[in-house]
Each structure stands twice: as C-alpha cells, then as structure tokens.
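**Q** Residue numbers (the working numbering), protein chains in the order written: chain A, 2 to 476; chain B, 2 to 476.
Do not rely on the hints blindly, as some may be mistaken.
Put simply, identical chains are the same to the list, so a pair is met inside one copy or across any two.
Said to hold, decoys possible - Result set (DSSO-like, lysine-lysine): computed pairs, CA atoms no more than 30 Å apart in a straight line: (1) Lys443 - Lys429; (2) Lys97 - Lys462; (3) Lys399 - Lys135; (4) Lys432 - Lys443; (5) Lys432 - Lys466; (6) Lys162 - Lys240; (7) Lys466 - Lys215; (8) Lys240 - Lys281; (9) Lys344 - Lys462.
Since the hints were made in silico from the structure, they are not lab data.
2 protein chains.
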Amino acid sequence: MDIAIVDTCLITMSGKGVGLINDGAIGITGDRITFIGKTKELNQREADIIIDGSYHATLPGLINSHIHTGETLLRGGAQDLPEIEWMNKGLGPFAKHLTSDDKILGSKLGVLEGIRSGTTTFSEYTRHATHLIKEVFLPFNVRVVATETINEVSSDRSLFKPTDIYVFNRDQGDSDFKRASQLFEEYKDVDLVSTLYGPQALDMISLDLLQEIKQQAEERNSKIHMHIAQGQRERIQIKGRYGADTTTVKVLENHKMLDNRVIAVHLHDSSPEERSLLVKRGASMVGCPSSISLIDGIVPPVSHYIEIGGVAAIGTDQAPGPGHHNMFREMRAASFSTKIIQKNPTALPAWQALKLATMNGASVLGLEQEIGSLEVGKKADVITIDLNNANLIPIVSKPFNNVIPNLIYSMNGNEVDNVIIDGKIVLKDNKFTNIEENSILKEANNRAKVIFEEGTEDWVKADSKMVSYRKNGFI
Amino acid sequence: MDIAIVDTCLITMSGKGVGLINDGAIGITGDRITFIGKTKELNQREADIIIDGSYHATLPGLINSHIHTGETLLRGGAQDLPEIEWMNKGLGPFAKHLTSDDKILGSKLGVLEGIRSGTTTFSEYTRHATHLIKEVFLPFNVRVVATETINEVSSDRSLFKPTDIYVFNRDQGDSDFKRASQLFEEYKDVDLVSTLYGPQALDMISLDLLQEIKQQAEERNSKIHMHIAQGQRERIQIKGRYGADTTTVKVLENHKMLDNRVIAVHLHDSSPEERSLLVKRGASMVGCPSSISLIDGIVPPVSHYIEIGGVAAIGTDQAPGPGHHNMFREMRAASFSTKIIQKNPTALPAWQALKLATMNGASVLGLEQEIGSLEVGKKADVITIDLNNANLIPIVSKPFNNVIPNLIYSMNGNEVDNVIIDGKIVLKDNKFTNIEENSILKEANNRAKVIFEEGTEDWVKADSKMVSYRKNGFI
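Modelling step: build the complete structure from the supplied sequences, incorporating the hints.
**A** Structure below.
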C-alpha cells in the first residue's frame with residue numbers, strides 16, 4: 002500500500018446516503034483505492050506514506066462537470082451587465098486578444114484554483130483541447146474529460162446582428178469534427194484523459210453534421226456534451242431557422258438526437274415538459290448556478306431535473322462573470338439559489354449538493370465506475386479538508402453528522418489541504434508537489450494586464466454599462 | 002505615525018464611487034487614520050511599523066450590521082428544514098442546553114471567524130450583552146455595537162402553540178429594559194463599544210414599553226434596533242393582537258414609532274408601500290441574505306430599499322442555518338440573491354455590495370463619522386487582503402479596476418491577512434496577535450459535542466425533517 006489516510010471523517014458518497022465512516026481510513030495502492038473502512042481495521046505498517054486524517058474530512062475529489070478554464074485570465078472582466086451586453090460588449094473586447102498561449106496560461110490559473118478548492122476532475126469544453134491537455138492537465142496530473150468544441154459559426158460574431166440567422170460554414174465544422182476524432186484517437190489509452198463530443202449548440206451546427214457526430218459517438222460509445230436551451234440568443238436562431246413554434250429540444254427530438262448519450266448543459270430556457278422528455282430519453286444535464294445567475298439572473302433547473310428522475314451535475318463555466326472555479330462555492334450556490342427560486346428552504350439540501358459534485362458528476366460524464374465515490378477498486382482521487390478552522394467548527398457526530406451541512410454552508414474552499422489524483426499527491430499540506438504556483442500567478446497577472454490594456458479602446462467604444470460604472474468611479 | 006501600509010491598492014469607500022487609489026498608502030497614529038494618499042507622498046521614515054501592501058488591497062474593516070454570535074456553537078445544527086420547524090424542532094432541542102458560558106465560547110468562535118474574514122465591527126444583538134463585551138469583544142479588541150434584547154415573552158416558546166397569542170410578562174420586559182439602560186451607562190466612555198436599544202420585535206413587546214424605550218432612546222440620542230416584518234410567526238401575533246387588517250409597520254406608524262432612529266431588521270414580510278413609508282420616515286434597514294434564504298427561502302428587500310432612497314446594510318445573523326459569519330460571502334450572497342429574485346444581472350452590483358458592508362453599515366449604526374471608510378480623522382479600522390491567490394488573479398487597473406468585482410465574486414474570505422482595529426494590529430500576517438485561537442477552537446468543539454449529545458433525546462422526539470435525513474444516512 003502506497004498511501005493511507007487514517008483517523009479521518011471519511012465521506013465516501015457511496016450508497017444511498019453520504020456513506021460516512023467516523024474514525025475511517027482509506028488505503029491507496031498505485032492509482033486505485035485498495036482499502037476503505039475503520040482505521041483499526043487497517044494495518045498501517047503496510048503503508049509507505051501515512052497521512053494523519055484527524056480533525057479532517059476525507060472525500061472523493063470533486064468533479065467540475067462543465068468548465069472553460071482557458072478564459073480565466075479575464076476574471077473580473079465582465080459582470081453586472083445586461084445579458085445582451087455581457088458577451089459582445091463586455092467580454093468580447095478583451096477576449097479577442099487572447100492568444101493560444103494565453104488560454105494555456107489562463108487554464109493553468111483556473112486549474113490551480115480548482116485543485117486548491119478540491120477539484121480533481123475537470124470537464125473542459127474548449128477548442129483545441131489538446132493544447133490544454135498537453136500543457137496543463139497532464140503536467141499538473143489532474144483528471145480531464147475533454148470536449149472538443151465543434152461548430153459551424155465564425156467566432157467573430159461582430160459579423161452578425163443578434164437577429165441575423167447565422168451562416169453555417171461546413172468547412173469549419175468538418176475541421177472541428179476532425180480534431181475531435183483525433184482527440185479520441187490520441188488519448189484513448191491515456192489514463193487521466195477521457196473525451197466527449199462537443200457540438201456547441203443547435204444554433205451553431207447543422208443537423209447534418211450533428212447526425213454524423215452522433216453516429217461516430219455511437220461507434221466510439223462516447224457521450225455528446227452540448228449546450229442546450231441556453232437563452233434568448235439561441236432561441237432567436239432556432240425559431241428563425243426551424244420555425245416560429247419550435248424549440249431546441251423539439252428539433253433535437255424530431256431528429257432522434259435525444260438519448261442517453263446527451264449531456265445537456267444549462268437548460269434554463271427549456272420547459273418542464275421538455276425536461277421530462279429529456280429525462281425519459283435518458284439524457285443527463287449540467288447546470289452552472291453561479292454563471293447563469295450572474296450573467297442572466299436565472300437559476301438553472303438542476304433541482305427540477307433531479308425531482309423528475311434525471312441525473313444532474315454542476316460546473317463553474319468560465320471565470321469572467323461568476324468569478325471562480327471553486328466547487329464548494331458552486332455547491333452552496335446551487336443549494337441557495339434553488340431554495341430562493343422555489344421559496345422552499347428544504348430544496349436542494351446539503352447532501353444533495355455534495356452528490357452533484359461527486360457521484361452525479363461521475364455519472365453524467367460516464368465515469369461512474371471509476372470516480373465520484375470512495376470505493377475499493379475505484380481510482381484514487383481523494384481530498385482532505387482541515388476541519389480545524391473557525392468557520393467549520395464545531396464538528397459533531399451525534400445525533401447527526403453536522404460536517405455535511407458545514408462543508409456546504411460554511412466552507413470557503415481553501416481548507417482543502419491534501420489532494421490526491423490517480424494515486425499521486427498533487428497538493429500536500431497546502432503546497433503543490435509538482436507545480437510552480439507562484440511563477441504561474443505572476444505570469445498570469447502580468448499577461449492579463451497586457452490583454453486588458455490591448456482591449457481598452459474597443460471596450461470604451463463598445464460602451465457597455467461597465468463603461469459608465471468606470472466613469473462613476475465604481476470600478 | 003505608528004503604522005503605515007504602503008504600495009497598496011487602497012479602496013477607501015470614500016465619496017460617490019469606491020474611492021480607489023492605486024499605489025496608495027495609509028498612515029495610522031494612535032487609534033486614528035492620519036494619512037491617506039499616494040505612497041510617494043508619505044514620509045515612510047515617520048512610521049514605526051511599515052506593512053508592505055504590494056499585491057494587496059487595503060480596505061476599511063467590514064461592518065456586520067446584525068449578528069448573534071452567541072449561537073455559533075450550534076453551527077450546522079439546523080438547516081434544510083421547513084421554516085416552521087427550524088426554530089423549535091431543529092435548533093430548540095440544542096439551544097436550550099446553551100449556558101451563559103457556552104454563549105461566550107460560541108461568541109469567541111464567531112468573532113474569530115469574523116475577524117479572519119475582515120470584519121472589525123460586530124453589531125451584536127443579544128441578551129446580557131455585557132457578558133460578551135467583557136469576555137469577548139474587549140479582550141479581542143474588536144469594535145462592537147451592542148444591542149441588549151428587550152422582550153416580554155418567555156423564551157420557552159413550548160408554552161405556546163404557534164397560533165396562541167403570546168402572554169406578555171411586563172416584569173421581564175422591565176428587567177430587560179433596565180439592563181439595556183445600564184449597558185448605556187456602563188460603556189458610554191469605552192472607545193470600542195457603542196450601544197443601541199433592542200426591543201426584539203412587535204410581537205414580543207407591548208406598545209407601552211416600546212414608547213418608554215423610544216423616549217429613553219431620544220434622551221440618549223440612540224438608535225432602536227428591532228426585528229420588523231420577519232414573517233409568518235410575527236404576522237399571526239400582530240393580526241391576533243391588533244386586528245386582522247393590520248401589520249407591524251402599520252401599528253408602528255399609527256403609534257408614531259417610525260423615525261430615523263429605527264433600524265429595521267429583515268423586513269421580508271413588508272410591502273413595497275410599507276418600505277417606502279419607512280424610508281420616508283428616515284428609518285434604515287439591515288438584511289441578512291444567507292440567513293433568510295436558508296431559513297425561509299426568501300431574499301430580503303435590501304436592493305429595493307436602496308432603490309427607493311433608503312439606507313440598507315447587511316449582517317450574517319446566527320451561524321446555525323446559514324452557517325457563517327463571513328462578510329465577503331454575505332456581500333456575494335446579497336448580490337447573487339438579488340440578481341436572481343429580480344431576474345436582473347445588473348441588480349446589486351459589486352461596488353454596491355461593498356458599500357453595504359462598509360459605509361452603509363456605518364450609517365445604519367450611527368457611526369458614519371467614525372468608521373466605514375478610510376479617511377483622515379476616522380478610526381483606524383483597516384484590513385489588508387492578499388491578492389496573490391489563484392482565485393483573485395488577475396488584478397488589472399486599466400481600463401477599470403477589476404479588483405472590485407473580484408473581491409465580491411471571487412474572494413473566499415481567508416485572503417484577509419492583516420486586521421487593524423482602533424489602531425491596534427489584531428491579525429498580523431494571518432496570525433492573531435492577542436488571541437489564543439487554537440485553544441478556543443478546541444474548547445468550542447469539545448463543548449459543542451456535549452451540547453449536541455444533551456439535546457439528542459429531545460431532537461429525536463421533536464422529529465423534524467432532519468431526523469428523517471439522519472435515518473437515511475444523509476447527515
């Protein structure tokens with residue numbers, strides 16, 4: 002046995018409840034979990050490294066089921082804006098200056114933040130995923146579910162008015178699709194990497210290409226990770242292209258695109274009936290509560306999806322806007338936003354929030370046999386949390402384990418002090434074992450200054466509401 | 002000059018905007034701020050202690066405008082419950098075992114958490130405030146606005162059914178009122194302490210006693226800190242006592258209780274017209290977004306109150322339930338919950354959230370001449386924040402200062418590394434200078450275990466929804 006964590010409050014997330022074992026221990030051999038149980042049942046002499054888990058909770062590493070890490074250099078770049086201004090007038094003037102290297106640097110920053118707050122699996126959605134896998138995820142030794150974006154619309158949206166129907170460029174779509182196929186080939190035998198198909202959204206891809214993607218996904222037994230029903234911009238396109246009385250979900254259903262391979266992201270512009278149909282077809286969903294509430298003032302229907310029998314997970318989307326890649330905060334946001342929107346304080350309770358970021362994430366991403374809970378035979382993705390902090394105390398186990406609500410409602414994220422991924426210790430006593438954190442932070446900060454500077458003229462010209470905030474000395 | 006913080010991103014919160022000075026410096030002499038400006042304008046040789054503020058933001062200490070620190074030992078004790086169960090079936094079985102010493106210990110824990118996340122002024126609402134002032138606030142050297150609770154209803158609510166009209170006990174009310182008067186006398190010359198009158202809520206106090214309190218508040222030129230329109234339990238009492246068509250605000254107005262001395266806490270059961278009346282009368286308000294959304298699924302009307310010209314601030318209420326006393330998290334909660342409930346991503350923007358916890362808090366508590374912003378002549382309540390963290394980077398100042406949104410939308414709270422209160426350094430480089438943190442944490446944890454154990458039988462018998470959560474292994 003290589004590593005043992007002993008005398009810990011073990012929250013396995015296995016079974017119907019949270020699978021909590023007080024005075025628990027976990028043993029790791031190679032990249033797998035080889036022991037789960039009470040500390041007294043473990044032969045500690047067998048372990049090379051023993052981590053003292055007292056006053057700590059030990060959990061499965063968290064799963065961020067939808068994230069674009071490459072935009073993290075633009076954190077703080079666009080928020081408190083009308084939805085219609087956020088993308089083009091707010092973020093656009095800076096985003097256009099992001100080079101391929103900047104996306105790698107931003108990804109490093111976002112992944113650092115994610116690891117420090119307990120995330121071990123990142124479901125990355127991006128163009129040129131291979132850049133981030135090679136430069137960030139593999140060198141950092143973190144698990145990645147990589148989705149290569151496939152779309153047929155030029156990323157330069159300034160060519161279109163919001164009401165124009167986008168012109169599809171099939172060559173671009175084919176080229177993206179080819180890159181996605183290559184990604185599957187390139188990483189099919191790499192342990193830390195798995196891959197999904199990423200037709201971006203129905204407003205950005207033709208049904209023809211979508212069908213081809215579906216066929217290949219079936220051949221490769223892969224899932225399809227797609228933004229669905231994400232609001233006004235998409236709705237205008239779908240109605241313009243497919244008819245005034247239709248919707249994204251209806252078009253997908255009519256073309257037999259809905260099945261258990263579909264991972265539907267966002268869904269806030271879907272009806273309850275459409276979500277029931279998705280559940281019936283076996284599709285899963287991912288919601289991004291912080292992102293969608295900051296950008297749109299809307300709560301994604303994560304809780305409803307679960308109530309009607311679906312599987313839902315959560316993610317942090319991009320940093321500019323919601324600001325963060327901290328899954329503890331995201332679990333809390335999911336719970337609070339649901340309680341508010343349903344006017345019901347029992348909605349989305351603490352343990353359900355914890356499931357969203359563990360077993361549910363694993364199920365949505367098709368990795369439920371490998372990660373999401375602490376069980377013998379599963380991959381050793383494990384985090385420990387220092388409970389000896391003023392904001393987490395007290396921890397009691399009788400008459401119930403208040404550690405579960407405290408992790409969701411009281412934790413900041415920085416209390417994560419050990420992170421093990423695939424059996425390797427990545428963060429040890431708050432320090433990275435294999436990553437030069439400070440030099441990345443410095444480089445990211447310096448480079449962001451240049452990008453924001455480069456975008457200044459366009460930003461002022463775009464004249465979003467943020468420009469008036471600036472004039473008033475608010476930012 | 003005793004202390005200078007130099008080369009910092011100074012966010013003064015002075016003036017209409019956030020009053021940000023890049024490459025700023027602040028000088029402190031005794032308990033007052035004696036210099037604000039650019040670092041190059043400061044003669045550093047004059048300062049005894051120089052704090053390097055590079056890669057840091059420096060802000061006024063945060064103001065928590067409504068808090069009950071004495072319940073912090075019960076953190077994680079009651080949440081995810083129907084509103085009607087939270088107080089009596091959830092918290093009650095444990096709360097009845099809290100001794101006077103337990104409240105002191107809980108208060109220490111809550112104040113530690115508050116300081117660590119940047120709070121320097123605690124607006125404490127409690128019975129026997131003098132215990133906490135003597136044992137916690139003064140020894141810890143933190144600023145306290147103490148409100149002595151005055152009410153005429155026995156705290157043992159098990160005597161009443163929810164629909165019974167409470168029997169008032171004037172002797173209890175008089176005794177509370179006397180204690181409140183003594184508090185004023187005792188601390189009138191103590192620098193760190195100021196005092197308010199605290200008639201708990203209109204359902205718990207007679208109009209006679211309320212009038213007497215008002216008269217004394219006028220004589221002492223003090224404010225009146227009162228829970229107003231806090232929901233169903235109060236509404237039943239007011240209608241039963243004063244008539245089916247009346248409300249708390251109407252009764253208070255009819256008896257000429259509404260004026261600029263009133264600090265109305267919560268207000269989520271008030272109408273927009275009633276809030277307009279309160280604003281017209283000069284009353285201010287405090288909302289507790291995390292607490293009220295967790296306990297009731299409701300967003301307090303903080304943003305509406307500001308829109309109609311009122312002054313509003315925020316606080317964290319009690320730890321059990323919302324879980325925390327972290328004002329950075331509370332600012333974020335205020336912003337996000339407002340965006341959601343108004344379906345408007347521009348609602349309660351970052352800088353407005355920051356005002357809630359600084360200048361607005363000072364104004365509500367009647368301390369706007371002394372604290373809430375960094376200005377020469379004001380009290381030296383100052384915090385610094387280490388921006389060199391993966392979740393806060395990048396920080397850019399052109400074309401705007403993204404530090405403002407990043408502090409609200411990306412900060413955890415633990416990045417606060419220096420806390421100065423009344424000119425004294427309480428937290429230096431993340432370490433308390435005058436508080437034995439670890440022994441308090443240990444004692445709090447041990448004592449809480451006993452209290453939860455003592456409450457077990459009653460808790461099981463009360464049979465709240467949490468008991469079923471326990472049976473299912475969720476907590």
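**Q** Each of the hints needs a verdict: does it hold here or not?
**A** Structure-based check of each hint:
1. Taking the shortest Cα distances, Lys443 and Lys429 sit within 30 Å of each other both inside one copy (22 Å) and across copies (24 Å).
2. For the identical chains of this complex, Lys97 and Lys462 are intra-copy neighbours only, at 15 Å inside a copy versus 62 Å across copies, given an alpha-carbon limit of 30 Å.
3. Proximity of Lys399 and Lys135 under a CA criterion of 30 Å is satisfied in neither setting, with 47 Å inside one chain copy and 32 Å between copies.
4. Taking the shortest alpha-carbon separations for Lys432 and Lys443, both the intra-copy value of 17 Å and the inter-copy value of 25 Å come in at or below 30 Å.
5. Taking CA atoms no more than 30 Å apart as the test, Lys432 paired with Lys466 passes in neither setting, with 40 Å inside one copy and 41 Å between copies.
6. Proximity of Lys162 and Lys240 under a CA criterion of 30 Å is satisfied intra-copy only: 16 Å inside one chain copy versus 56 Å between copies.
7. For the identical chains of this complex, Lys466 and Lys215 are neighbours neither inside a copy (41 Å) nor across copies (44 Å), given an alpha-carbon limit of 30 Å.
8. Taking the shortest Cα distances, Lys240 and Lys281 sit within 30 Å of each other inside one copy (24 Å), while across copies they are farther apart (48 Å).
9. For a Cα distance limit of 30 Å, the shortest separation of Lys344 from Lys462 across copies, 27 Å, qualifies, whereas the shortest one inside one copy, 41 Å, does not.
When each numbered hint is compared with the structure, violations occur for hints 3, 5 and 7.
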